[in-house]
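Below are the chains, spelled out letter by letter.
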Amino acid sequence: MAQSVKPISSPVPDAWYPTLAVLMLAIGLVITASFFIYEATSSRKSRSLAKELTTGAVASVFLGFGSLFLLLSSGVYV
Amino acid sequence: MKPIRLDLSLLFLFGFFLCFSSVCSDLVISKLDRRIDLSSHIVRTTTSLKIENNGVDGVSEILLPFPEHQAKNLAFLSVMISEGKGKTKEFSDSLPVDVANPVGMPPALTWYSVTLPKELGKGRSLTLEVKAVFTHILRPFPEKITQADVQLVAFQDSAYYLSPYAVKVQSLTVKLPEPKVESYTKLEKTKFSGSEIKYGPYEDLPQFSYSPIVIHYVSNKPFAVAQELVREIEISHWGNVQVTENYNLVHAGAEIAGEFSRLDYQARPHVRGASAFRNLVANLPPRAHSIYYRDEIGNISTSNVWSDSAQTLLEIEPRYPMFGGWRTSFTIGYGLPLKDFLFWSEGKRYLDITFGCPMSDVVIENLTVKVVLPEGSKDISVSVPFPVKQSQETKISHLDMVGRPVIVLQKTNVVPEHNQYFQVYYRFSNLSLLREPLMLIFGFFLFFFACVVYTHADFTISKSSPSYLAKLQWDEVQTAIQQFESIINRCLTVHDKLEASLRDLSRNGDVQACKAARKAADSLLKELSKELKPLLSFLQSSPQAVQIMPKVEELVSKERELQEKLMLKYSTVVDSYEKKSSGRDIENRVAAVQQKITLLRQEVDDLLEVIDEI
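Chains as they are written, first to last, in the working numbering: chain R, 1 to 78; chain V, 79 to 692.
Derived from the structure by calculation, the hints contain no laboratory data.
All residues carry an ideal CB built from backbone N, CA and C; glycine is no exception.
Errors might be hidden in some of the hints.
Below 20 Å or equal to it, Euclidean Cα-Cα: the simulated EDC-like pairs (lysine to aspartate or glutamate) are [stated by the list, open to error]:
id, chain 1, residue 1, chain 2, residue 2
1, R, Lys45, V, Asp690
2, R, Lys45, V, Glu691
3, V, Lys417, R, Glu39
4, R, Lys45, V, Glu609
5, V, Lys549, R, Glu39
6, R, Lys6, V, Asp430
7, R, Lys45, V, Asp553
8, R, Lys45, V, Glu563
9, R, Lys45, V, Glu554
Here are some chain R residues the structure puts well away from chain V; computed CB gaps all over 10 Å [unchecked claim]:
id, residue
10, Thr19
11, Ala21
12, Leu23
13, Ala26
14, Ile27
15, Val30
16, Ala33
Pulled out of the complex, with its shape left as it was, chain V reads as follows (with noise of 0.2 Å):
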């Protein structure tokens, strides 16, 4: 195997910072631990600098240099205090960091700011905690390996911590995923025990001190690195947040090159496939619902979910095995409750949820979070704790009518340190709730209206067709008889209240209000009589009614009979009562009109129906 080649241009620019070392030197470092831990594709980088002003003048900026190799590929630095030793450290919120470009400083590196609270006077001294996160750092070399082969990768950094400040006492811990390593630069007082690959302490270096170290060491990690995902966020008020995840993931670790043999795979993953990464897990939310694993085809049913109080993991596992340079495409999404997600402050809503994606370890290239908002939200404004592309656009979904405002939030090199908490602010009256129901009972009210104005359109194109007046009269005939059919059984309910006053005055004796009863249905028979004198004369003058005519006319008589009798037993039962006559007496004297009036009853009756089959 050839050795490694150092990047020359590193050394070059290390004579050029000596030409630089006057500058700063109010500031000492005067220890200094740093932790680079490479057991995952996902370099991260742990600092503590304590730092010492022995300068006149309060100090207030503290600058860090990344070399240009590493500056491209930081995804993420955060600055800390820490005070405290040992367990029990405690850190500060995150100091301000920005990019400063300092005068009279080596252009060829990125120089990052960090703005203190308050100002590091004379001779006091501070701890500084320093995150760094890097991706695409790691060079698998060789480049190319056979399914059979494990993954070897190298790292390059200096053993001494690049500053433009002087260190008095520095060390550095390499934390490497297995206990395998191919090379290792080895410097005076290296030390290789485990896992663990230790430079140091060293003493006194001035500033910009550097010394290349590189480290080819076996990393069988997956190098999951999702070159596109795009995750929508949507809010409906109706109780859910829909969170969908599109991904377009690549193996990025060292190409595999020669054939795939599933069979060997199969046999032996952990051998002839050991490079290969199988699965991914999701860290999703507590009480996510709905959750679904699918592509272009379709479902992928190879996923497992496992659910309790305090979070969702679900495992999903592409339709093949992931080797280095191979890609693959999916979506995942899931439902999550909305009381969770949602909060109200200050007359304003907002949602408050995660930024990144909720796989470990892995690296998004390009992140577009989408959050479509309810339509009619207004006074839309975004949180988000680190920087990020924003614009807005509108998308139509189920049963909108100008489309929902998108938040659209793009980051390029997002790692797992950015899933933070980002807030999306908005107002959204209650009432707006109510416009998704109202267009659908509008829908089926149109539908209710068209019904109507067609059964009342008339579609006949010959007006004067003898079909078409025939229709016409039918139809008037037909009202007629409804109108008639109305009336009589206005008349039958007459009489059955008549009935039930007659059951009331042999019950209680009032003879009285049973006398009013009848006199209000004499006027009510009076009123309807007449309203049916017009409708038979009607009847008997059209000739569509001739083969009904019988009918009605015989109805009309049963009626009337049944009419009469009602009012014959009426008058013999109140006389009686008048007269005090015993119960029984008075069943005997009515008991032939009784039963007349049932059979009347049951003719009438027997007779609507027949007219109302017509």
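Looking at chain R on its own, in the form it has when it is part of the complex (with noise of 0.2 Å):
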């Protein structure tokens, strides 16, 4: 029974949430950017609707993570 015992971690290290944070909080950011200026600069009869979604989904995902990971290392563990 003592072996079956096994102590449970995150299944990320610690030390890595501010790395990660940062660096997938930039990515959403330019992607988000380039989201904008697609929105901005395209008329509305040769937008898209894929185009901006998919952009838009991956952009959430990066930052969503990113954000988690930022309330991780800055103490707010969820």
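Both chains are given apart, each in its own frame, so use the hints to dock them into the complex.
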């Protein structure tokens, strides 16, 4: 029984949180910028909904994980 | 000073007991050694009893009585069987102890019955080690002192061990915090030496022997009592166990009378403030981090932390020295690494953490331990080594939807002996870990979606106004121009490809490949010019495009010219290769065309830029 007891740790090592937060937020913000550039420059007719939604989805994945790691690295353990 | 009056009721009780002297006579305590430790405000008694069975029947239960004033302040009781003597003493696990109501015994006593692991047969003996911890049993006397006085407390007990069994030999040792005694009850065979008072040995005493003693002594130890302590232990599977402790602390010793002089206290703290305590030390687990100490006003800066691999010591100093009767409330908090406290066993996760407060010698009157499990935990069960009141609630915290399950454990009269590990078992799926990031992702996605909706929506009120119509037309023109631009750009890439194939030709002389490239480029350019036609006719018909039209037309013509020249260059080069002309010769022949091409390309690029700006 004793050998079946094992400690549980976090899925991602704690020390990586700040790096991951900066990296993912940077990528997320770049994609967000490209999303808004596309929104602002393309005319209403030539805009493709699929492209907008994919860019938005990818940006939100990066921003979501980035902000999670930002919270974790700043000590707000959700 | 007036002499201390004894609790008269105890004397009555004593008389009362004599009437019951005939029961339980099978068992005899052959040797009894009792130690009472008065060195802090938590009174710890250790009794080692050697019990002999002189009866016929085997005995599996042993009764431990406590007088009422002790029983109501009894915080902790543990009984162990000890084997061996002196330093080689070995103790068994704690034996089960229950409150009992034996028939025919005086009801004024509170009885505990110890169940032995195996029956004590006839003529056999065993040694029990009984450890009892009492709180609030020391009475400050006098009850009010000034800042300069030392604190005197009175302790009362019996010189003889109160037992339903006859005791052959017994002795009592009382350990004091300081070798200063105001008074103590002198019986025969009483010895006071150093900071210890010894009573006994007394021989052959009957059941329920009682001889009250009172010890009145100096104790300047901190009488720190937490009237209320709420410990919140929050588990995050992202790698942290956060502990937050809310204290409501009072100095429960002799109350201070008269005024408090900070000047006197600062000048000679050990004389003018002997009864006060200045700081408390919390012994936190190793690798504790993000430690804070604050109260309602904010951070309290008078704290210190020392840490090594075995422990983290946190020394906290309240905002003012704690004199008798003074109270303070504060919060300490710290984070602990998850892997030290959370374990996995047989498909379940469990938290393994200490129950009581980390500070030494603090009595907690009402302790509430809240274990906040992550959202989505199921099958929760708790295992605590002593009885506690248990309930469950939910707590809404960061990024929660339904709230986190909280196990609430409540216990009164908690002493450091209760600082034992307890376990909370639960099931939790690792997929639930993704709940928080998915929520964040969904939130961001909603924002982007709102932006998409906003840019796609038409918020014009008057759909028939000329300006709106003009805007619509302009939008169309813009779209057409964008398409036109993209077609021209595609043409230009076709040109680039042709050029590249020519370069390849000059390198490897593969005329066939070059011809194939030409064929592909021709069909592509044809298609593109077909696509261009409707756009151009639309732009010509549209009034909004009047301004831009000349540029567009110029661009089209330039592009066509460029295309022609390129084709010319291309056929010349391929021809020369087929005739096996020298490289220099070819270069000379194309030079003029090449110049023209470069010029045209430059113009086309410029025009594209101009149109792009519109």
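To see whether the hints hold, each was checked on the structure:
A hinted pair counts as satisfied when its Cα atoms are at most 20 Å apart, and lysine 45(R) with aspartate 690(V) qualifies at roughly 17 Å. Of the supplied pair hints, the one linking lysine 45(R) and glutamate 691(V) holds, its CA atoms being roughly 19 Å apart against a limit of 20 Å. A hinted pair counts as satisfied when its Cα atoms are at most 20 Å apart, and lysine 417(V) with glutamate 39(R) does not qualify at roughly 47 Å. Among the hinted pairs, lysine 45(R) with glutamate 609(V) is consistent with the structure: their alpha-carbon atoms are about 17 Å apart, no more than 20 Å.
Restraint check for lysine 549(V) and glutamate 39(R): satisfied, since their Cα atoms lie roughly 17 Å apart, inside the 20 Å limit. In summary, the hint linking lysine 6(R) to aspartate 430(V) is supported, as the alpha carbons are separated by about 12 Å, within the 20 Å threshold. The suggested pairing of lysine 45(R) with aspartate 553(V) holds, with an alpha-carbon distance near 7 Å, which does not exceed 20 Å. Among the hinted pairs, lysine 45(R) with glutamate 563(V) is consistent with the structure: their alpha-carbon atoms are about 15 Å apart, no more than 20 Å.
With a CA separation close to 7 Å, the supplied pair lysine 45(R) and glutamate 554(V) stays within the 20 Å bound. Even its closest Cβ contact with chain V, about 15 Å, leaves threonine 19(R) beyond 10 Å, as expected for a residue assigned away from the interface. Here alanine 21(R) stays apart from chain V, with its beta-carbon at least about 12 Å from theirs, past the 10 Å limit. Every CB of chain V is more than 10 Å from the CB of leucine 23(R) (nearest about 15 Å), matching its label as outside the interface.
The non-interface label for alanine 26(R) is consistent with chain V: the shortest C-beta to C-beta separation is roughly 15 Å, beyond 10 Å. Taking the minimum C-beta to C-beta distance to chain V, about 13 Å, the non-interface status of isoleucine 27(R) holds against the 10 Å cut. With a closest Cβ-Cβ approach of about 14 Å to chain V, valine 30(R) is found to remain outside the 10 Å limit, as its non-interface label requires. Listed as a non-interface residue, alanine 33(R) keeps its Cβ farther than 10 Å from every Cβ of chain V; the least gap is roughly 12 Å.
In summary, the one numbered hint that this structure violates is 3.
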